[in-house]
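Enquirer: Below are the chains, spelled out letter by letter.
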Amino acid sequence: AQTVTQSQPEMSVQEAETVTLSCTYDTSESDYYLFWYKQPPSRQMILVIRQEAYKQQNATENRFSVNFQKAAKSFSLKISDSQLGDAAMYFCASKRLNNAGNMLTFGGGTRLMVKP
Amino acid sequence: DGGITQSPKYLFRKEGQNVTLSCEQNLNHDAMYWYRQDPGQGLRLIYYSQIVNDFQKGDIAEGYSVSREKKESFPLTVTSAQKNPTAFYLCASLAVNYGYTFGSGTRLTVV
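For the protein sequence lines, the chains are A and B, in the order given. Taking the numbering used here, I'd label the letters of the first sequence as residues 1 to 116. Taking the numbering used here, I'd label the letters of the second sequence as residues 1 to 111.
Since the hints were derived computationally from the structure, they do not count as laboratory data. Errors might be hidden in some of the hints.
To be verified - Here are the simulated distance ranges between beta carbons:
hint : chain 1 : residue 1 : chain 2 : residue 2 : range
1    : A       : D31       : B       : T86       : 36 to 46 Å
2    : A       : I46       : B       : K14       : 31 to 41 Å
3    : A       : Q57       : B       : V52       : 35 to 45 Å
4    : B       : T86       : A       : P9        : 15 to 25 Å
5    : A       : D31       : B       : G16       : 39 to 49 Å
6    : A       : A71       : B       : I60       : 28 to 38 Å
Claimed, not checked - If we take Cβ atoms under 7 Å as the criterion, some of the chain B residues that face chain A in the derived model are:
hint : residue
7    : L27
8    : A31
9    : G42
10   : Y48
11   : L94
12   : A95
13   : Y100
14   : F102
15   : S104
16   : G105
Keep in mind it's a predicted model, so treat the numbers as computed, not measured. Backbone N, C-alpha and C fix where the C-beta goes; we use that ideal spot for every residue, glycine too.
Work the whole structure out from these sequences, hints included.
Expert: Have a look at this one:
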């Protein structure tokens, strides 16, 4: 079974600065997908970014980028130029390429606070 | 626009009562999922369905039941056997190899 660990229950960042959220995972698979989801106070889960494990290049979506270290099984999220609207819970998740049920496995989440 | 609709947004249950949470999607996704989220916690899988008329238990299925009679619909019933049902419930569907699309959730409270 896959496990996903987010070791930082809470993080804070000053507006306009950069913050990195950590995620490690454990899998015996060679092909899989990794995701970061954002859950703002509205509690709607929003996909922030995804990474395919077979791709060497780190995914980027505007101010959000990942540092994917396959050998270390690490998948951190970097938020640049932090904005007040980035304040939310962030969940890291993984999915095996062909698992029965196609379930995502989620980490416990990191609460990000943005200070004005 | 395609998406997932959960209703109601807030639901109150009396002791011993069964309640049903609705989840409807128009994304033409085959697979659908129900998760429970407790305050400050991650997501725990209750049930999932990969195809109409078939569903499987997740990690915390006790006290819950589901049906999947239509591709678009995956309702969750919280039965009286669920002793601690107060939580936030999220429904999701899967775009294969892309990830989940989530509904906006239902907050269930026991009164």
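Enquirer: So, for every hint listed, does it hold in this structure?
Expert: Hints, one by one, checked against the model:
At about 39 Å, the CB distance of D31 (chain A) to T86 (chain B) agrees with the hint of 36 to 46 Å. For I46 (chain A) and K14 (chain B), the Cβ-Cβ distance of about 33 Å falls inside the hinted range of 31 to 41 Å, so the restraint holds. Between Q57 (chain A) and V52 (chain B) the beta carbons are some 38 Å apart, a value that agrees with the proposed interval 35 to 45 Å. The supplied range of 15 to 25 Å is met by T86 (chain B) and P9 (chain A), whose beta-carbon atoms lie about 22 Å from each other.
In this structure the hint that D31 (chain A) and G16 (chain B) lie 39 to 49 Å apart at CB holds, the actual value being about 48 Å. For the pair A71 (chain A) and I60 (chain B), the beta carbons lie near 33 Å from each other, so the given range of 28 to 38 Å is met. At its closest, the beta carbon of L27 (chain B) sits 13 Å from a beta carbon of chain A; the interface hint therefore is violated under the 7 Å criterion. Taking 7 Å as the C-beta cut-off, the interface hint given for A31 (chain B) holds, the closest approach to chain A being about 5 Å.
Taking 7 Å as the C-beta cut-off, the interface hint given for G42 (chain B) holds, the closest approach to chain A being about 4 Å. Using the Cβ-Cβ criterion of 7 Å, the hint placing Y48 (chain B) at the interface with chain A is satisfied: the shortest such distance is roughly 6 Å. The criterion of a C-beta within 7 Å of any C-beta in chain A is met by L94 (chain B), whose closest approach is roughly 5 Å, and the hint holds. Hint status for A95 (chain B) relative to chain A: violated, with the closest Cβ pair at about 10 Å, above 7 Å.
The beta carbon of Y100 (chain B) is positioned within 7 Å of a beta carbon in chain A (closest approach about 6 Å), and the interface hint is therefore held. The interface hint given for F102 (chain B) holds, since its Cβ lies 4 Å from the closest Cβ of chain A, which is under the 7 Å cut-off. Because the smallest distance between the Cβ of S104 (chain B) and any Cβ of chain A comes to about 5 Å, under 7 Å, the interface hint for this residue holds. Given hint, G105 (chain B) at the interface with chain A, holds; its Cβ is 5 Å from that chain's nearest Cβ, closer than 7 Å.
Violation of the numbered hints given earlier is confined to hints 7 and 12; the remaining hints are satisfied by the structure.
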